[in-house]
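There are 4 protein chains.
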Amino acid sequence: MSNLGNVRTDLAIEAHEYITQTIKQQDLDGVEIEEFDYDDIKVKRVKINNLKAAEQMGKEMGNYVTLEIPTLRQKNSALEEKVSQVFAKELNFMVNQIMTKDKYSVLIVGLGNWNVTPDALGPKVVENLLITRHLKELMPENISDEEYCTVCAIAPGVLGITGIETSEIIESIVGKIQPDLVIAVDALAARNITRLNTTIQIADTGIHPGSGVGNKRKGITKEILGIPVIAIGVPTVVDAVTLTNDTIDMVIDTLIKSVGKGGQFYQILKELDREEKQQLIKEVLGENLGPLIVSPKEIDRLMIDMGEILAGGINAALHPVIGFADATKHLY
Amino acid sequence: MSNLGNVRTDLAIEAHEYITQTIKQQDLDGVEIEEFDYDDIKVKRVKINNLKAAEQMGKEMGNYVTLEIPTLRQKNSALEEKVSQVFAKELNFMVNQIMTKDKYSVLIVGLGNWNVTPDALGPKVVENLLITRHLKELMPENISDEEYCTVCAIAPGVLGITGIETSEIIESIVGKIQPDLVIAVDALAARNITRLNTTIQIADTGIHPGSGVGNKRKGITKEILGIPVIAIGVPTVVDAVTLTNDTIDMVIDTLIKSVGKGGQFYQILKELDREEKQQLIKEVLGENLGPLIVSPKEIDRLMIDMGEILAGGINAALHPVIGFADATKHLY
Amino acid sequence: MSNLGNVRTDLAIEAHEYITQTIKQQDLDGVEIEEFDYDDIKVKRVKINNLKAAEQMGKEMGNYVTLEIPTLRQKNSALEEKVSQVFAKELNFMVNQIMTKDKYSVLIVGLGNWNVTPDALGPKVVENLLITRHLKELMPENISDEEYCTVCAIAPGVLGITGIETSEIIESIVGKIQPDLVIAVDALAARNITRLNTTIQIADTGIHPGSGVGNKRKGITKEILGIPVIAIGVPTVVDAVTLTNDTIDMVIDTLIKSVGKGGQFYQILKELDREEKQQLIKEVLGENLGPLIVSPKEIDRLMIDMGEILAGGINAALHPVIGFADATKHLY
Amino acid sequence: MSNLGNVRTDLAIEAHEYITQTIKQQDLDGVEIEEFDYDDIKVKRVKINNLKAAEQMGKEMGNYVTLEIPTLRQKNSALEEKVSQVFAKELNFMVNQIMTKDKYSVLIVGLGNWNVTPDALGPKVVENLLITRHLKELMPENISDEEYCTVCAIAPGVLGITGIETSEIIESIVGKIQPDLVIAVDALAARNITRLNTTIQIADTGIHPGSGVGNKRKGITKEILGIPVIAIGVPTVVDAVTLTNDTIDMVIDTLIKSVGKGGQFYQILKELDREEKQQLIKEVLGENLGPLIVSPKEIDRLMIDMGEILAGGINAALHPVIGFADATKHLY
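Protein chains in written order, with the numbering used here: chain W, 106 to 437; chain U, 106 to 437; chain R, 106 to 437; chain H, 106 to 437.
Since the hints were made in silico from the structure, they are not lab data.
Any given hint might turn out to be false.
You can't tell identical chains apart in this list, so a pair holds if it fits in one copy or across any two.
Restricting the straight-line Cα-Cα distance to at most 27 Å, the calculated cross-link-like pairs of lysine-lysine (DSS-like) are [claimed, not checked]:
id, residue 1, residue 2
1, LYS327, LYS157
2, LYS387, LYS147
3, LYS180, LYS241
4, LYS281, LYS180
5, LYS281, LYS323
6, LYS194, LYS147
7, LYS149, LYS382
8, LYS194, LYS375
9, LYS206, LYS194
10, LYS180, LYS194
11, LYS366, LYS129
12, LYS281, LYS327
13, LYS375, LYS362
14, LYS387, LYS149
15, LYS387, LYS180
The following block holds chain W by itself, in its conformation from the complex:
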């Protein structure tokens, strides 16, 4: 998760927006952006080219593709199907950039806790995947490489339930079964509430410390695993502390605009920002009662839908036999 002053975000586009607003210029050196639309789906490809840009944005160098679909929370099967297809194409494109050999095997990792609704994205995706590794071993003659990629999957749980760093579990399984690529799926904490269940990010940079909702402190990256890692993330909650913090900032910003910089009031506003903000957050949220999250009321349904969108898209992206158009028809 990036940490830009108080701004923490898992999404490259949010980090980019924040930076360009702050430095008041539209372009950031070392960052290439490509944008296009499929109907209601806005696709943004962000490429971070050099270390300086990476540092500024608090993101690793690499490729980040984001799908933004503001209307996705409305129940609309046709739109969901379309999103699954566009997601499949973008994922397929990224995989093909990375995998140079014809034939490769993929381990899909469904991160998160299946007992915490908004954190269960990874496990829900894993349930719906077309898994072939064991079938290829049992009856290779029936499952040709031209039609089916070698895919296996695991939903390892979270540190609080297993007592084992998720990264350690993945590392040991990768060591054992030797896949060529890891695709990790995770629920993200968003900064902006409008992004909840409306944004999908695909990144070829892996998953870095501190990301996500739970306690996943060690990365799942090429450095650690020795093979490329594509990370798929969807913001499903906003931390209540983030929401409260942002609200306070916005009030202060609005007041500063009213009174102008300089002067006694400006000073008071700045001091509040500095000294009393933590205290205010505590008063609003109470203390010591564990994490509070903000989510859409219909989160249970939204998680099921998103799980199917992503699983369908991954199936179509990896297995040549499934056309993109049939992404959501091949859930398992």
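Assemble chains U, R and H onto chain W, guided by the hints.
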């Protein structure tokens, strides 16, 4: 739900706190309060005696008992058992005040949507109740009135799923099966985040329009049903609008304390309060995407626990054969 | 449920098969049968015309349409879509035969227990329906009768959980909201294991005592409710007693074929049939431990799929705006 | 799973019963049996001492402890608590026999598929365990070895979902985190229907190929992992083929008793046994539709209860700070 200026709350104690703070006197004419503790459980009995007090508090005249257990969200079976017992005693006391005849029958209504985790309290309670009405009809000789109360239950769903006002469903069933008392269980929207899954309210005033998380616009009251209605409620979510609104108020209050009343800045603060607050809330929360809720991250588990606490307590309160001490041992 | 000697079945086609086999003639007087196929879906329309045939078959006079899809348990989205469409057409046809007026309102009843996986068909269907009654009341100008039928729904639970006869709950709600038609959805007990989650029956005769998995002893019929009742049923379990009983019968039949009728051994076989069968069943199944059911291992997934097939089909059958081809795209 | 002629069972006591009945002697050389009762709980400790006995019983040499509680399926919290305590004591005893050093770490493996109700025992247990490994690493001063054992856990899923042999996953994690002991929890296929959710087996022999409900073909044993493996199993389903097969056998046995050995009928019965049985099973169960299972109707609730009994017992058996009497009060 009370509407005290911007303050909306389902809890009588929150309404009372707000009023006494505002009018700066500890006692409110027409309101009697009794308080005592069982270990970590604070019990408050609030009685609203006259219409003026009822109007001031935005609550119906009647009795409200609140159990506050700040530590209830920590997993602690012994405490949960204790809460179930104290709740059973308080409910039993209230039922006995209302039911003058020896033998009576009860319809328990589990309000809420079983597919929306924090709204599923009612259905979860219904699942765990000891239901006897059909057994008493089939084999009355085995289920004596001295040991078992006549209890039946329904979880009617919510308007969005049924297309029927919940109140109409209850009214028609009450007309058909003629119980002597209705006990309605519902998840509430809290004002204060520390109350989430830590507070239980029992009231003999029924359920009034606008309460709760969902769309339950018509009351479930003695006026409508013709029989007494006890309402059991537990705050399980805070509306994100409430949280944002409260945060803004608190920032402004803090600033007003800093600058004192009067003066130009005070005026600005007051104007912001009036004019720009709605705009700020929209900026923070986005628009038109349906209700957002704030809840503890572990809400799935908390709902299961609370469902068992209440069901155990209701069983012990109604059936003489179950001692209060065994409340949670008789879940069904 | 029919009771033909030892043969009990909820399905008209099973009753018909049994009778015609027993009386050794293909046609039964008073029964009309029409059959056709859509690809892998076999549709049978059975019409019982007179009381004698009804008595022979142990079924009410009326129309029974059955969809048989032997391969439906294999995960196949395209087939599921097709089934939903054919089901929608057949249901639409039956509704149109019954509803003579242009504009009518429908109450859909989802029978069964949402906490018992193979019995949760009714509640699962209700969750996915397009419900319009409340919307039509709130904003009739936006929801025209030409596009949307007036639909409401209830999942009343089962006697063991509510203590109230399901029939009484439906009766009281029908009395209150006055719909023109009831459509009741229920999981059935099958006789034949190959029918599990592969057969759908639509009948215009309502639901009669003793049917289904749970304790639903009072009918949901035109006689009781005063309005027509269409029953939709899917076999989801076989009672273990039925399976054991059938197995014993089949062993004995096979032996009788071997030894021929008459003779001492034939007598022994007949006596076993009569005297020791109950004892054998008890030895195989044990005693007093409550109902045992036989179901496919993947029953959790199958129930979700069937819930969507039926809900999609009902939506398309009732709301003119949804084309049959889009049945499964309009789940809610 | 043992394969004694047609008898296949995961339970040592069933294998022993079958063998001693067949060879018509109460004792089997090389098998020691110890029996005692705690109220309604029958405990049997079976020790297989030599290879010949192991071969006869189709079980590995080692210790098998079985708890039989015929009334456990009735909802009874007090009994469940008692079972949890007795189970904790027996498990603790077995662990202490194996672990000679004072301080050791345990990996608990919850086998099975969390989406198939009767197979989800392992994952359900894992959810409720007190996990300490990560806490001991983070704050060793707060979690003393005198009070808490080092415990971690994983629910790796099943081959059909992961595409990876469960044994391979465990092997790789064991290699990485180096625990001293593995405890594997699994749902078993029972032979006898009265055992469903009423029997618990603890064995120090690990899990051997072919056991359980799912596709778990490679063992989880000391030979493979290099550390001791305790297996905890509960029968939760009977395969429908087993039930049908047993029913046929019982009919034939009954008939053989009637006609006596020798003679023409005896020959017919024997031939049926040999030739037509498979055909009969196919006729009863249908073909090619995937596994059918027999389970109690209330299986959803039974699995939750058993998950808590085992998790509570494991917690009390491993962590010295939790007394056996408090087993079920320390679920997490």
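Under the constraints set out in the numbered hints, which ones does this structure not fulfil? 4, 7 and 8
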